[in-house]
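Colleague: Note that the protein sequences, when read in sequence, are chains A and B.
Positions 40 to 308 (my numbering) are the ones given, in order, by the first sequence.
Positions 13 to 269 (my numbering) are the ones given, in order, by the second sequence.
If you're looking for bench data, these hints aren't it; they were derived computationally from the structure.
Just so we're clear, the structure is a prediction, and the values are computed from it rather than from any experiment.
Be a bit skeptical, because a hint or two may be false.
To be verified - The calculated lysine-lysine pairs, modelled on BS3-like cross-linking and capped at a C-alpha distance of 27 Å, are: (1) B/Lys103 to A/Lys219; (2) B/Lys103 to A/Lys305; (3) B/Lys114 to A/Lys210; (4) B/Lys114 to A/Lys305; (5) A/Lys220 to B/Lys114; (6) B/Lys124 to A/Lys220; (7) A/Lys210 to B/Lys103; (8) A/Lys305 to B/Lys142; (9) B/Lys182 to A/Lys210.
Unchecked claim - A partial selection of chain A residues facing chain B, derived with a Cβ cut-off under 8 Å: (10) Leu92; (11) Thr204; (12) Asn207; (13) Tyr208; (14) Lys210; (15) Val211; (16) Gln213; (17) Phe215; (18) Gly217; (19) Gln221; (20) Pro229.
Backbone N, C-alpha and C define an ideal beta-carbon position, used for all residues, glycine too.
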Amino acid sequence: MSLKTKIDLAYEEFKQRERKTKKQVFITQLFMLFTFLGLWEIASNKTLIDPLLFSSPSKILNLFYVKIMDGSLITHSVVTFGETIASFVIATILGTVVAAVLWWTPFVSKVSDPYLVVLNAMPKVALGPILIVALGPGYLSIIAMGVLISVIITTLVVYSAFHETNDNYIKVIQTFGGNKKQVFNEVVFPSAIPTIISTLKVNVGLSWVGIIVGEFLVSKQGLGYLIIYGFQVFNFTLVLLSLLVIAVMATIMYTGVGMLENLLRKRQS
Amino acid sequence: MAFLTVDQLTHAYFSTDSATMALQDISLEVQEGEFVSFLGPSGCGKTTLLSLIAGLFQPVIGTISIRNEPVKQAYDQIGYMFQQDYLLPWKTIEANILLGLKIQGNLNDMSKAMTFELLDHMNLGDTNKKYPHELSGGMRQRIALVRTLATNPQLLLLDEPFSALDHQTKLKLENLVFTTLKEHQKTALLVTHDIGEAIAMSDRVIVFSANPGRIKSEYTIPEHLAKMEPFDVRNHEDFKDIFQMIWEELNELEDED
Ligand SMILES: Nc1ncnc2c1ncn2[C@@H]1O[C@H](COP(=O)(O)OP(=O)(O)O)[C@@H](O)[C@H]1O
Ligand SMILES: [Mg+2]
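This is chain B alone, in the form it adopts within the complex:
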């Protein structure tokens, strides 16, 4: 049984004067512990797909299930990371990372201790009493990662979480997120428009085409690369070939438009 099943999903946004088709007939399965990337031009419905999986709103047609359970009730299994950290500026780092536990009513000494341990693990243990604006972008995104992991979700939804960072920080964070998720055996979906990042981090890359968003093709990353840390994958000789292949595929998509 697959961990996540998306079955014939179609979604459109409605407003009084138009209906925008965002996703059309998406079906996919993700196995437990798998890392899958969604790659595609902006506006192809990647964020919409993650929001639907997170259960933020319901699809017009189709179903999403986690272990055969509809996502409406699966928020305690899902962790979401956004393009920016969106740490609440009026709360201390401590209050920010405990937010999910508080909302879900699971705040106790043990869950607190585990969250602080996670923060220590990211070398940010001394930021507890600080406010978000006192920290750099990279630090804040790492704290957002702690906030997401604090509720111990099984499935991580990562919506371009590195795109607002400078290149150096981005490469470091790719490694950090990769190793942390592998360590805790999480299943993850990563949205990105960076081909290299998709190859470096995933077991599988799914390419989307736009207008409306549809699955165009799928690449399985060879096992030896999939196991490697992202930074090493980027430097591996086999990386270039896969990059080239996906690059051409995406170019084709652009020409069709």
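So here's chain A without its partners, still in its complex pose:
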């Protein structure tokens, strides 16, 4: 047997082992999920846990069906999803624009430094009531809540990426006689794109927090509202259903951003 076929064979074996491990991991994951659901169902049926508090998978599934059929779950989900997307897009763009202004004018950046630190340290949700008074109890306040929670950290992170651009790249542009705008467009902004993408990931999570809290406070529509409502009427099946829907949607958004990141990485690296 030649060396080449030996290596090919060993490689085949390696790949097979990898495939097998992957399959085992997946099966174990599925097994855990179903065991959990099964135990939950049984425990709830036999009142080992309080069914009023912990509900049960079958009840949640049942409610899911009912709420899909009367269209209300879709409406609430669309509202929350839309608010989250809006707030996370606005926060990322706004944060990046403010960071660009800070980079452009070092004086402004020095002046605003302590204010940004304070704003960043402050728990933004505490501003919720003020937002509602200022912007009215509606979408606007909720989206503002989501923006507020992630915009400061986006500004700080993106600004520091702008600020830490490799000086030598800037020097390349300058030796060609490039002005500040060209330095920003050709070097500072493109080199910060990976950082901006990674703040997108963080902002997905933060926006969900802002939106849900906003909906708690405004209490009109959306999954946050369903949770609060379910809590008030002691319908924990509704609370758990809303939680599940949020988990699924947040995962979808996060995966979407992850795919965007990979796409850009491939084009950039």
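Given the coordinates of chain A, work out where chain B with the ligands should sit on it, guided by the hints.
Modeller: Just chain B with the ligands now, kept in the frame of chain A:
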């Protein structure tokens, strides 16, 4: 009239708690088409001098002129090569080599065609659509050379452009840069701390001393060596004597410290 005139140049870097004297009272003239090397220990202000000539910042005292024109406005006559290639990693080779033309607003079919021809000349014509990370260090530095030459500068400022390369690549690139610059009749200033490289490439070697950076001495390379390609100079019998002379001079400098 000299091509480049540096007149009583002194520069210091300021920070809140100190002022670092980088260069003191530098005066020199460079003729058109001349190749001059700056040799000296690290920290003697060689990069500072090139940056000042490139007009990246202004000297505290003194003036620099190219054909009697202050360097503030001379960026279109200057090309700069750095210790590393600093090709922009998110741009293709094509976009990288056209960068200078784009910034200076001179991007047109003719300037593009000339730049691609230059790339072909370096045997790198097929790298156009690639990204910098796909190429070796030597290839990248050659592409950086194309990027620098694309704007057709009259004066080349070379800041240790070979120091990050392996020895073999470095020797090859010395020859390539030398012949390319001679072919296009460029004036060049080369910063290096490699004595052999300075002798092999230049018409004239200027030795700097450190703290603060000052011109210590100057050697004119005999014409027959100056004309020769760097690799051949290194193998020439007269090379050793000049090397020895400069070597002793630099040792003296170290002892003074
Ligand atoms: N941006 C800077 N700020 C403060 N000091 C600097 C700066 N750049 C260089 N220096 C100082 O100026 C002196 C000369 O530096 P440089 O021109 O880089 O020397 P060389 O290129 O010969 O190694 C050194 O003492 C260095 O520490
Ligand atoms: Mg240097």
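Colleague: Take the hints in turn and mark each one as holding or not.
Modeller: Taking the hints in turn, this is what the structure says about them:
1. B/Lys103 to A/Lys219: 19 Å, holds
2. B/Lys103 to A/Lys305: 12 Å, holds
3. B/Lys114 to A/Lys210: Holds, at about 16 Å.
4. B/Lys114 to A/Lys305: 25 Å, holds
5. A/Lys220 to B/Lys114: Roughly 13 Å between the alpha carbons, so the hint for A/Lys220 and B/Lys114 holds.
6. B/Lys124 to A/Lys220: 23 Å, holds
7. A/Lys210 to B/Lys103: Satisfied, since the Cα-Cα distance of roughly 17 Å is no more than 27 Å.
8. A/Lys305 to B/Lys142: Holds - the C-alpha atoms of B/Lys142 and A/Lys305 are around 13 Å apart, at most 27 Å.
9. B/Lys182 to A/Lys210: Judged against 27 Å, a Cα distance of about 23 Å means the pair holds.
10. Leu92: 53 Å, violated
11. Thr204: 11 Å, violated
12. Asn207: With a closest approach of 5 Å, the A/Asn207 hint holds.
13. Tyr208: 6 Å, holds
14. Lys210: This hint holds: A/Lys210 lies near chain B, its Cβ roughly 7 Å from the closest one there, short of 8 Å.
15. Val211: 5 Å, holds
16. Gln213: 6 Å, holds
17. Phe215: With Cβ-Cβ at 4 Å, under 8 Å, it holds.
18. Gly217: Status holds, d = 4 Å.
19. Gln221: 5 Å, holds
20. Pro229: 5 Å, holds
Checked against the numbered hints above, the structure violates hints 10, 11; every other hint is satisfied.
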